[in-house]
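A.B. asks: Note that this note's numbering has the sequence shown beginning at 642, numbered continuously upward.
Each hint should be verified, as a subset may be incorrect.
[To be verified] Now the in silico label distances, taken between C-beta atoms and shown as ranges:
hint: 1; residue 1: 693; residue 2: 958; range: 35 to 45 Å
hint: 2; residue 1: 810; residue 2: 743; range: 12 to 22 Å
hint: 3; residue 1: 925; residue 2: 677; range: 55 to 65 Å
hint: 4; residue 1: 923; residue 2: 864; range: 24 to 34 Å
hint: 5; residue 1: 831; residue 2: 790; range: 33 to 43 Å
Since the hints were made in silico from the structure, they are not lab data.
Backbone N, C-alpha and C fix where the C-beta goes; we use that ideal spot for every residue, glycine too.
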Amino acid sequence: MLLLATGSILTREFFDGQWLLLIGLILTMGSFGAGELLRGLLSGSHRFAAYATYFGLEGLVRFIAAIGLGLASVEVAGPYGLVVALGPAVAVVVAGRGQRDLLRPGAGLEWRELTPALGFLLAASLFEAFLLNAGVAAVRLLTGEGEDDAAGRFLNGLLMARVPLFFFQAVKASLLPNLARLAGVGNWDEFRATLVRLLTFVAAIGSAGIVGAYLLGPFVVETAFGDEIGRSDMALLALSSALFMGALSLALTLIAVGAQAKVALGWLPGVVLFPIAVAVMSGDDFLRVEVGLIASIGLAAVVMAAIARHEIRRVRALAPAGHS
């Protein structure tokens, strides 16, 4: 309703007068919301085949639809905005087909118990989204009028540098239910071993991503998008992506031990640091934003690690004898 009420302003100021982009945004919010719900149900039920189907279809549908629009010589952005909403919608229908007993009876929760947890998780999601997307907005603000394509070049480099983050989604699907189960039964040795394996995997895939971004990133970006970006830019963006995967792993660990209220607290220092880091630095605009991302996400990861360590110790101390 808010988007509809402010539609004329949004369309004029942000979408170059293209109403289809506003409609696409509204539809995307609905389809992504349904997709998030289905993905949570599928991963929580350990139905990873359907979970993989969702992710595969979401990207494939958008890719095919975008190629089709390109072949049809569609040169305005509006129809492509609708394609963004189409991917999750088709994926929800196909991946959710035939899935039974996703909702099972369980202990009832009063709204007064549920609302604070949802509020904390919403705040954490907003902080997480800020750190994911603030870089492009910062480049747009920093660059002058003669560099209108700078934000687009930065975004294209960022997308390539974050390829390992897409692989992390497969691990994320099984991580939270598994860690929550181990914490619930008090199997802390296996909990710790699982967390160590996860962080080792993140370090390995993150390191590979940094090397790959440095060696191949500029070539891939130029081939795919026709944009030029430096090797050091790609490596720094990949480093920020690796740190983000680490912070996200620790955030899921906090949720697994029932400390979801602390997740937002972990992201918050990074949110505060990013604009400060970008503002105090001078020199190349891309470098300012890249260092800002590394510093802010790195700080969030360190804070999250400290909180996770404290919360795990606290939960273990409160566990009944034989469960610690």
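A.B. asks: Of all the hints given earlier, name the ones this structure violates by number, lowest first.
C.D. replies: Hints 3, 5 are the ones this structure does not satisfy, whereas the remaining hints hold.
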